[in-house]
Amino acid sequence: MSLLTFDRRTFLKASAASVLATGSMARMAQAAEAIIGIVYVGPRDDFGWNQAHAVAAKALKSLPGVKVVEEENVPETDACSKAMESMINLDGANIILGTSFGYFDPFMIDLAKKYAKVEFRHAAPLWNKDKHPMNLGSYFGYLNQAHYVDGVAAGLSTKSNKLGFVAAKPIASVLSNINSFMLGAKSTNPNAAVQVIFTGDWSLPVREAEATNALVDAGNDVITCHVDGPKVVIETAEKRGVKTCGHNASQAPLAPKGFITGAEYKWITIYKGYAADLSGGKKLPNMVSGGYEADMVQNTPFGAGADDAARKAATAAIAGLKAKKPIYVGPLKDNKGNVVISKTYDNLDPFLDQMNYLLDGVQGSIT
Amino acid sequence: MNNSAYFIVLVALIGGALRVSTPFMFVALGECLTEKSGRVNLGLEGTLVLGAMSGYAISYHSGSPWLGVLAAGCAGSVLGAMHGYICKLPRVNDIAVGIAMMLFGTGVAFFFGKPYIQPSAPRLGSFSLGAWTGNQEIATALQINPLLIVGIIVGVVMAWAFANTKWGLIVRMTGDSAASARAMGVSVDLVRFLCTTAGGFLAGIGGAFLSLYYPGSWNQGLSSGQGLMAVALVIFARWSPIRCVIAALLFGAAGAIGPALQSVGITQGYYFFNAAPYILTLFIMIASAGSKRAARDVPGELSITK
Amino acid sequence: MADIAQPLPTAAIASNQWNDLSIRIRRGAEYVVIPLLALAISGFLFSLLLLALGKSPIEFFELVERGGFGTAFSLQNTLQRSSPLILTALCVALPARIGLVIIGGEGALVLGGFASAVVAIPLVLGKVSPLLTLCIMGVAGMLIGAIWIGIVGYLRYARGVNETISSLLMTYIGIAIMNFFVEGSLRDLTNPNKPSTMPIGDKYMVGNIPGTEVHWGLIAGIVLSIGLYILLSRTTFGFAVRVAGGNPRAALAQGLPVGKLIVICCAIAGACAGLAGFFEVAAIQGRANASLAAGYGYTGILVAFLARHNPLAIIPVAILFGGIVASGGLIERRMGLPDATVLVLQGLTFVVLLMSETLYGRFKIFQVRGTADRT
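Residue numbers (the numbering used here), protein chains in the order written: chain G, 1 to 367; chain Z, 368 to 673; chain S, 674 to 1048.
Zero decoy hints are in this set.
EDC-like cross-link-like pairs, simulated, lysine to aspartate or glutamate; straight-line CA separation at most 20 Å: (1) G:Lys131 <-> S:Asp875; (2) G:Lys114 <-> S:Glu886; (3) G:Lys131 <-> S:Asp861; (4) S:Lys876 <-> G:Asp105; (5) Z:Lys455 <-> S:Glu1030; (6) G:Lys67 <-> G:Asp91; (7) Z:Lys481 <-> G:Asp45; (8) G:Lys129 <-> S:Asp875.
Covered stretches of chain S (chain G as the covering partner; in silico rule of three or more C-beta atoms under 8 Å from a C-beta of chain G): (9) 748-755; (10) 955-965.
Just a sample of chain G residues kept apart from chain S, beta carbon distances all over 12 Å, derived: (11) Ala56; (12) Leu63; (13) Ala116; (14) Lys162; (15) Thr269; (16) Lys272; (17) Ala276; (18) Asp277; (19) Gly280; (20) Ala316; (21) Lys322; (22) Lys324; (23) Gly361.
None of these hints come from the bench; they were simulated from the model.
All C-beta atoms, glycine included, are put in the ideal place defined by N, C-alpha and C.
With the sequences and hints as input, model every part of the structure.
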């Protein structure tokens, strides 16, 4: 009966510069105790999306003068605005962090208008200077860069040249992860191809296991995924004896034989930045985002599935991304034959966040 | 689809039938027993989840997955007994109690199961019927977990017992006409209580399969209504244990359609393929309902069909 | 029984009327005292659980009071959470009166909301007036909901298909239909990361009841509850429904059109759930997406059963549930309990309340000699 389903994803739409756009650097009245309210859409220990945030939140708790209240399993309905209001009214929170995509519109926007003295930050690049209040803002990391690195290593780890991807829903950030993974693989192995299966929702353990088995049956010998809790996919793939790349949090302990590397968020960079601003009495920036060049994403340390060549190539790829080497080098076609990326885009370019296609090299379809 | 694609999908369907069907089978057999005695237990969804959690937890603590399976069965029988006891009280609606137990069981499972989401517990093994073919795909698809064999045996034994033993007759009589049963000196309440408890035991084992074998992980999204689907299975299996087993296999295969088709390149409309089991069940229910055979097979005392 | 052949003197008549009233109060009290007793027992049992975990029951109930009802914010939070529950509970309660157990309110809610959002698209683009748009959206939601549950009722009557299971299956199918369209042809392309239909915009949203932070859905729910109560208890239709619910064969023998009654009841029930979906879209989300399937339909089942399928009783029970859910977040944060705590409390309360059904008719204090014992 607890047939509750949730969904969200990170995304970019700001017209302002994508890194550190701030208004005035007005000092906050007093560097009062910071009471941070964090709202999670799922359980904190899901080995995935929510855990990545919770781990960073834990680091926040150890800072002096900072108190953190958390609430988990809050769906993207008015339940989230009530949860946030409850934190403001009953716990006295003065900063609210909303970690799920669907919390922003209309819930956090309306709350930001209502509670002008509270700062709201949301984990998806939706804040727009012209449309939204100034006590609202966005933060996130471009995980697709880490998936690119995964692909680089996976391309050199596959014998069948077939890589499998278990994806939840065909939204832009998932599609970008899939496409980046494919581009990374192709950069080290031009014969590599990616096959994607969509399960339809963020957390469906039985279907994820079925999809993994189907991918392995179809000949894919490296499996990765974008679902909320990759535990099932990684464990099932490990049981089948194929290699794996992780997602969101570190699943290395689950696949002692086949783990290559994984794409992880590094929310701690952002959260520590917020905490430092708070204790210094500075206003929080409205838009904080980036990838490797801003240390906001990372790759899980290599596992037993990564040989020397893969490790070398992946490390080089990371260095390239830190130097802002672009992933999407145009012209690129989608898997139906149309040119969808006509030129080369910088990795943080807003155009890429409208992605609604699978590039040529990925087998699968969106609906 | 070319030939090899047909082959892949067929193999996936067979594999799905063998893998995914086991929880359905156990819950359906448990519910079959309960309903034959004249009571409906809709709470098996909660029992399934609680069984999954307790199986995983005990396996983790004891290191033995089979001990976990046993523990799961016991947890399931506790919930079954609760259901049985509450429904015995006069004027209590057993469908409502089932829904309440579903909520309660799920809540207790999530509540106590939190510490077990992260750690890895020892899992159940399996053996492959297809190892001799040398074909990796077939070998994997034909991987059978012993519980599947147990489930089929339970189904066969149950069918034989209903038809040929005194206990089977007593259960059936309690389900068909409580008045006749009482006239024979049978305690209707006791029979139903025992059947509901045994049904819970089976459902708990079904849950242990989910967490200890396939998908082999404990977290809060583990069950997606499988317990409730199993109750539906019993109805369109027309209360025969053998047909329950077959229906469970069919259901497992239907659940594998979505991902299997995507893996061979039929990627459009996957939402509907994923909903295939439910659509299938609905159509089969419509087709078989209203037929004379169904009316004959219903246990007379069952409240959902009165 | 005394011989009542001759008319009674006026004083006796007056005292008889007083007797009648006190009889009614005593018998009516049963329906209030026993549930309260059950709530007290479940609270007690839950406290034992808390103590076993090393948590303070006193703190727990204080937080429930504070988070659910104690401050103006909490009270409005509770009321807001109860609004969809009233409507989805009606979706279960009405068919239950005619003898059907339907648990498909979630599917009707999702499809009703989806339908509202879809008909809104041409209306919003065509700049039709908000009031008219909302009316049409509401009607669309109710219509689709009515059809969805009406099918369940028809299948039950015409083919004997068990309505509990079929309504549940229809829920899964309905959610799949919504997902298919929302992620496919009806997807709003300016919102690539959360598949939704086109947002209807602030101008078109249903607002709050003036002076409060609760949207009009609450009033709609209350009005429908009262309306359905009157329908069931004071109209011929309602009487026919209750007769058919008590004994379908007798009803058929009497010539009541049981099949039509079943389908109509299911249609009305589905319309209620569809209306809940409309409010979720028009008052909360502003568009249709996967968040519509938030479990209100399932919680509504509990509310209906606890209210013993009486539309008026649904209102306080829904508010109780709303309060438990509203305080859940506070409890989680302050006491460090997992959010499953609320589920356990709900389940326990539900179980105890159902067990208390058996207490009706057992206590002498509520029985009055010489009056028939209603079941």
